[in-house]
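Trainee: Sequence:
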Amino acid sequence: MASEAGKKRKPKVIRTDGATPEGKRGKADGEQVTAGPSPGWALLKASRRGPGPAEAPGVPGGDSRPPLLSSPPQDARYYSEECEVDLRDPIKDYELYKETCQELQRLMAEIQELKSRGIKDNASEIDERRVQSCVHFMTLKKLNRLAHIRLKKGRDQTHEAKQKVDAYHLQLQNLLYEVMHLQKEITKCLEFKSKHEEIELVSLEEFYSEAPTEISRPDITLTEPHQQTLARLDWELEQRKRLAERYKECLTIKEKILKEIEVKKEYLSSLQPRLNSIMQASLPVQEYLFMPFDQAHKQYETARHLPPPLYVLFVQASAYGQACDKKLVVAIEGSVEEAKALYKPPEDSQDDESDSDVEEEQTTKRRRPTLGVQLDDKRKEMLKRHPLCVTIDLKCKDDNVLHLTFYYLMNLNVMTVKAKVTTAVEMTTAISAGIVTLSDYVTELGHPYVWVQKLGGLHFPKDQPQHTVTADNSLSASHMELTVKLLRTRLQSRLALHKQFASLEHGVVPVSSECQHLFPTKIVSRLVKWSAIPFEDYAELPYTKDVLEAGLAEDTHLYYMALIERGTAKLQAAVVLNPGYSALPPIFSLCLNWKGERTGNNDDNIRAMESEVNVCYKELWGPKPGYQLLTNQLQRLCMVLDVYLETEPHDTSVEGPKEFPQEKMCLRLVRGPMRLKPFKFNYPQGFFSHR
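Going by this note's numbering, the sequence shown opens with residue 116, and the numbers climb by one from there.
Cβ pair distances, simulated, as ranges: (1) Cys198 x Lys256: 16 to 26 Å; (2) Tyr458 x Glu496: 12 to 22 Å; (3) Tyr415 x Leu373: 25 to 35 Å; (4) Glu448 x Glu669: 27 to 37 Å; (5) Lys493 x Lys363: 56 to 66 Å; (6) Lys363 x Ser392: 38 to 48 Å.
Worth flagging that the hints you see were computed from the coordinates, not collected in a lab. Note that the structure is predicted; figures quoted are calculated from it, not measured. Think of the CB as a built atom: it goes at the ideal place given N, C-alpha and C, for glycine as much as any other residue.
Could you put the whole structure together from the sequences, leaning on the hints where they help?
Mentor: Next up, the structure:
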């Protein structure tokens with residue numbers, strides 16, 4: 116009931132224009148807001164309908180309250196809050212805001228406490244505190260408006276500052292553009308090239324030391340670069356005039372020397388008959404001293420009729436044989452008369468052509484050649500070779516000889532070679548087994564290898580037509596020594612391989628005494644089969660895929676299949692033999708057939724066995740030049756197969772003794788998560804360990 120009576124007696128507050136600014140100014144001046152008298156009482160007296168504040172019951176103090184502030188005059192009641200924002204301190208407003216909020220909290224708490232008592236006499240006190248709360252709310256609204264005005268002014272100032280910054284930035288961009296333009300103009304001026312810069316002038320030291328003072332003028336040119344350049348150009352002109360005069364003098368001297376040369380040529384031509392008679396008389400002496408000067412002279416006479424590539428090859432090979440290799444023999448073979456006939460004068464050739472035309476007309480009357488015959492004639496004409504050829508014999512220390520015969524195909528402008536080997540011991544098979552022929556004409560004309568063209572000084576650039584290619588003497592000289600050494604090395608390597616193949620085909624892996632320390636004394640696994648296979652069969656094997664993808668197997672390589680056995684275990688090894696053996700090692704791909712098929716793809720130890728022969732091949736080279744590498748790799752393959760089988764754990768489900776008892780001494784049987792086996796043999800201790 117008390118609350119209802121309080122609500123009925125709730126006064127109506129009338130807001131006046133003068134009350135709010137006075138109350139706000141009172142707060143701004145630092146007046147403490149308390150439960151006693153405040154400027155809000157003026158609003159309360161103007162709006163309350165009941166008895167005056169002095170007659171209100173329950174209000175402490177009665178008429179003893181301080182007198183109300185006088186209202187400002189009418190003209191000062193309205194003012195601009197934007198001007199007031201500039202005069203007020205934001206910090207003091209903030210403190211006033213906190214004090215107002217604290218007072219509101221206190222008043223609300225007191226009203227809550229008075230209401231909770233439920234006494235009827237407390238209604239006037241509640242009304243008084245409600246009025247004070249309204250005054251504080253008006254103060255908060257005033258502060259809120261001032262805050263919004265400050266915010267707006269701050270934004271306006273920020274916008275003006277941004278406009279100034281944009282204006283300054285635009286001016287900066289304009290200045291930077293002008294600077295860039297000036298830099299470009301300066302760069303153009305600095306990069307300007309005059310015609311006199313293309314003339315190579317003498318250095319300044321030579322100019323001041325050689326030029327006369329009338330031209331150099333050091334008192335002026337040392338301080339002025341432009342005058343210095345003009346003086347140097349004048350000196351260059353003076354020098355060129357002197358050189359022109361010198362050139363004319365040299366021409367007169369040249370004419371005199373040419374006349375003297377003609378006189379000496381006539382004298383030398385008269386000496387030719389005398390030299391021929393002297394050479395004829397010295398033939399018995401040449402035969403006695405083994406100095407065939409006459410034979411060499413005839414060879415050089417014949418060499419005049421060689422085509423340019425063969426001539427370059429003959430000259431360079433002869434010079435290399437005389438200077439560096441006494442076991443190299445060069446000779447010219449073929450018909451000299453036919454070679455001379457190729458260079459007949461045009462008149463004779465026309466007569467021969469007319470005769471041949473008459474004969475062709477007679478033959479055409481008899482029969483008409485078929486299309487196949489015409490194509491064969493065209494092929495023969497295109498592949499026609501020069502009548503003369505150059506032969507080179509390379510002799511080795513073991514009396515093996517490599518015979519090379521070089522031909523020149525005139526219409527194709529290429530050289531070919533035929534090879535033949537003469538050995539001290541008779542060979543059962545050819546050492547060139549496995550080399551694929553280029554075409555059906557190779558057996559007749561020879562192989563047109565690239566190194567053959569280089570020996571003849573022929574080079575075929577892509578941007579030059581083939582018919583314009585000429586023999587280069589320097590190209591042949593730069594490749595002669597290296598090619599001869601490679602040919603001799605390749606011959607010795609193939610002969611050594613041939614001896615090894617003969618032993619491997621009988622199941623014997625030959626190991627020299629110099630390489631015995633690389634293997635243990637007892638190796639149980641043995642080579643059962645060694646045979647050559649074509650490239651197609653090698654490519655079909657599933658465990659050679661990695662070698663093919665790596666580009667390590669080509670049609671020109673040699674391919675073999677080795678079979679190594681021990682008990683029920685069979686190890687197949689597909690071998691790729693590079694033509695550059697032993698500089699390039701053979702490559703092994705393994706497949707073990709024992710309790711299933713095991714390859715490098717499904718067994719890490721098989722991959723480790725491949726690494727022992729393919730990666731660690733340098734340990735197996737043996738004595739230089741390493742021709743025993745293949746047999747040492749096969750012997751190591753037998754050794755690691757023994758280690759693989761002996762270190763396999765015994766199957767407890769099978770009764771009886773272990774199929775492969777451990778005979779090799781190993782420090783550790785397996786290592787690591789991949790359970791790798793110890794394949795490295797340690798000499799002279801004789802045990803196996805991991806790498």
